[in-house]
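Chemist: Residue numbers (this note's numbering), protein chains in the order written: chain A, 920 to 1103; chain B, 920 to 1103.
Just to be clear, a hint being listed does not mean it is correct.
Which copy? The list can't say, so a pair holds if one copy fits it or any two copies do.
[What the hints assert, rightly or not] Here are the simulated SDA-like pairs of lysine to any residue, each with C-alpha atoms no more than 20 Å apart in a straight line:
| hint | residue 1 | residue 2 |
| --- | --- | --- |
| 1 | Lys1009 | His1054 |
| 2 | Lys1009 | Thr934 |
| 3 | Lys1038 | Thr1013 |
| 4 | Lys1065 | His1054 |
Just so you know, these hints were derived from the structure itself, not from any lab.
Number of protein chains: 2
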Amino acid sequence: MVKKTRSVRRFYESTPVLEQDIIDLIDLARLAPSGRNLQSLKYFYSNTKTLNDKIFPTLSWAGYLENWSGPEEGERPAAYILVLKDNKIKGNDTIDHGFAAQNILLGANEKGWGTCVLKSFDEVELSKTLNIPGHLEILLAIALGKPAENAKLEKVENGDIKYWRDEKGVMRVPKRSLNEIILD
Amino acid sequence: MVKKTRSVRRFYESTPVLEQDIIDLIDLARLAPSGRNLQSLKYFYSNTKTLNDKIFPTLSWAGYLENWSGPEEGERPAAYILVLKDNKIKGNDTIDHGFAAQNILLGANEKGWGTCVLKSFDEVELSKTLNIPGHLEILLAIALGKPAENAKLEKVENGDIKYWRDEKGVMRVPKRSLNEIILD
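Whenever a hint applies, use it, and build me the whole structure from the sequences.
Modeler: See the structure below:
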């Protein structure tokens, strides 16, 4: 499951992601570990064209792909889950959103949905357009939809970790080897 | 699986965690998403008494449990995986360790191992005692072993998120409701 859960950046936009699926995924995030059990994360979701069209223009996609600034109309995400931090809940939880997001990604994959975590977005604009209250900080946007592309794992050669899209449109994603990441 | 993967803080210390299991778990972490695919995480593991005895005294356990400063001899973790950040690899990846750790926790649970993520430890002392090179920063310690305690999810009442241990030694862990964490 972990191996199959790869970032997807092109979707069948017209295939809707059901609200209940999204809520199930947020429920998985809810049960993720939380530092000092503070659970300061909140979630906003969108699976309608109106809301999706507000979210999409604020996002930046796939920095390493030249000549591709993001999915075209028709292949955009059919849904989003935003992961927010509630700053009214005090505490230094700098890892919870990673635990929570990974539960969402794995759960989505199990349900057949592709995902991509986006950390690069215009937070001010996104907050404003969605009327997010000021004490909530948007940490991540998770794009969801029926996958319209595949990915393949590659070895890292000469330290180059940049992913690329091959002539058939398959994403090639280099991963460092176990030898490189385990200390003696 | 997510529901069953709860923090365990007491283990059957004499049950060894096999090296191959640990390597399998690090392999799951290896395949976790990585911001800009930088993969700046490294891993150190221990499953021997000699190393475990160096790690244990540097850790702090379960802040909310009064009159309990951590597991006694015989119920301590049989293994550890430390998640480190390689500061030679530049990039602002503040979430990768969460993705990676969650893969380890879920994978460990599937293999029957209990886990606890520890973020509170004496990093200077831990680095020194394990001869960790200076460019590697210890982000997390994940304790592993055969679980010697159970946990039960509870509702959060009156905003109190503190976990407790009941008279039978079961950890009771309050989780906020979906209603509380999903924005309208």
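Chemist: Indicate, hint by hint, whether the structure satisfies it.
Modeler: Against the structure, the hints come out as follows:
In this homomeric assembly, Lys1009 and His1054 come within 20 Å of each other (Cα to Cα) only inside a single copy, at 11 Å, whereas the closest approach across copies is 30 Å. Neither within a single protomer nor between protomers do Lys1009 and Thr934 lie at most 20 Å apart by alpha-carbon distance, with minima of 39 Å and 38 Å respectively. For a Cα distance limit of 20 Å, the shortest separation of Lys1038 from Thr1013 qualifies both inside one copy, at 14 Å, and across copies, at 10 Å. For the homomeric pair Lys1065 and His1054, neither the shortest alpha-carbon distance inside one copy (33 Å) nor that between copies (41 Å) is at most 20 Å.
The structure does not agree with the numbered hints 2 and 4 stated previously, though it agrees with the rest.
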